[in-house]
Amino acid sequence: MSKFKKKKDGGLPPINTASLPDIVFMLLFFFMVATVMRENTLNIENRLPSATEVEKLEKKNLVMYIYIGKPSRNYKKKYGTEARIQLNDKFAEVSEIGAFIAAERADKREEEIPFLITSLKVDKKANMGIVGDVKQELRKVNALKINYAAIKGDVSRNRQ
Amino acid sequence: MAKRASPEVNAGSMADIAFLLLIFFLVTTTMEKDSGINRKLPPMQDDEQEDVIIKQKNIFTVLLNNKDQLLVEEELMELKNLKTAAIEFLDNGGDGSCTYCKGKRNPKSSDNPDKAIISLKNERKTSYGMYISVQNELVAAYNVLRNKRAQQEFGMSFTEMQKNVKDVNWVGNKEKLKEQIDQIKLEYPQKLSEVQ
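Heads up: the sequence lines are chains A and B, in that order. Sequence positions in the first sequence follow my numbering and run 7 to 166. Sequence positions in the second sequence follow my numbering and run 2 to 197.
Because the hints were derived from the structure by calculation, they are not lab data. Be a bit skeptical, because a hint or two may be false.
What the hints assert, rightly or not - Restricting the straight-line Cα-Cα distance to at most 25 Å, the calculated cross-link-like pairs of lysine-lysine (PhoX-like) are:
(1) B:179 / A:65
(2) A:62 / B:192
(3) B:34 / A:76
(4) B:175 / A:62
(5) B:58 / A:158
(6) A:62 / B:109
(7) A:158 / B:84
(8) B:167 / A:131
(9) B:179 / A:151
To be verified - Computed footprint of chain B on chain A; a stretch qualifies when at least three of its residues, placed anywhere within it, have a C-beta under 8 Å from a C-beta of chain B:
(10) 76-87
(11) 96-109
(12) 130-144
Yeah, the Cβ is synthetic: ideal placement off N, Cα and C, and Gly gets one too.
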């Protein structure tokens, strides 16, 4: 039998996988650099409306987020189906917004404070009533620069 | 002294470890940047301020009701016609002081773009999607006018100018470009008021 084995030499030589880690590491570094960690877990439905005239928010560390939408399925029993506000990881009342903005401002350097923008991430099914209340609250604490978060797209998609 | 060869570390599983990390970062990555419509809220006024009298013809009233219907200057309007109506209003130039306006110079409509104010009112039950659609159309109206004006004055549209200012690779005088942008912004100021 050994006689036959020695002769056999026709198969493909195995591919050298020594450089595989290098390739994987290269990809890994790319994604590590490009990654922005999700800051909050959403407890609400948050389907943003579409708009064509959107502007990009440049400096992520200068943005404060306020989420508004219906509680997601797990929270429906506890919080009902009416649109609610979410700040950081918790549901909040309109009155808590002032404290939230103050806390966010305390985290930032003093010279950055005038450049802070509040991004309103509001579900497209939400009513303007709650958004108006939030805007009023923001005016009270003098956080006047706001941004209505929207995806680039045609406005006709907002009706669905 | 006896030479002791250190045992070689098996690096065969390095790829597996790297893959594990790679998959973790792949899953957690969010590439998209935040985008949206920028607005500035009016500051809160503590003391009673004297009401500034604005002529009715300089105000373009847009009302969104509970059923997401659009009422523009007391007339029902479709969303798709809003942009043209807003452009017509802003670019009217009724008092003749606006030399670059292309409008009809209707004396019953706005005096000049500096005085023209768009007032957007909504009710509590208005849906947010519709509200953003309307905001978008109104911002689009301003952008159309600014683009036209910039094209005519500087041979470059306003959006292009704004893009170039942010572009690191753009060759040209950025200071001058910024001045030009400010000039266009002054000629067609965005006066959009959101009424509570």
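Against the structure, the hints:
1. For the given pair, residue 179 of chain B sits about 20 Å from residue 65 of chain A by alpha-carbon distance, which is consistent with the 25 Å threshold.
2. Simply put, residue 62 of chain A and residue 192 of chain B have alpha-carbon atoms about 21 Å apart, close enough for the 25 Å limit, and the pair holds.
3. A distance of roughly 23 Å separates the Cα atoms of residue 34 of chain B and residue 76 of chain A; the hinted pair therefore holds under the 25 Å criterion.
4. Taking the CA atoms of residue 175 of chain B and residue 62 of chain A, the gap is about 20 Å. The hint holds against a cut of 25 Å.
5. The suggested pairing of residue 58 of chain B with residue 158 of chain A is violated, with an alpha-carbon distance near 34 Å, which exceeds 25 Å.
6. Restraint check: the Cα-Cα separation between residue 62 of chain A and residue 109 of chain B comes to about 38 Å, which exceeds 25 Å; the hinted pair is violated.
7. Of the pairs offered as hints, the one joining residue 158 of chain A and residue 84 of chain B holds, with about 18 Å between alpha carbons and a cut-off of 25 Å not exceeded.
8. Between the alpha carbons of residue 167 of chain B and residue 131 of chain A the distance comes to roughly 34 Å, so the proposed pair goes past 25 Å and is violated.
9. Only pairs whose Cα atoms come within 25 Å are accepted, and residue 179 of chain B paired with residue 151 of chain A is accepted, the gap being roughly 21 Å.
10. A stretch counts as covered by a chain when three or more of its residues have a beta carbon under 8 Å from one of that chain; for the region 76-87 of chain A and chain B the count is 0, and the coverage is violated.
11. For the region 96-109 of chain A, the stated coverage by chain B is violated: 0 residues have a C-beta nearer than 8 Å to a C-beta of that chain, whereas at least 3 were required.
12. Check on the region 130-144 of chain A: 11 of its residues sit with their Cβ under 8 Å from a Cβ of chain B, so the three-residue criterion for coverage holds.
This entry does not satisfy hints 5, 6, 8, 10 and 11, going by the numbered hints stated previously.
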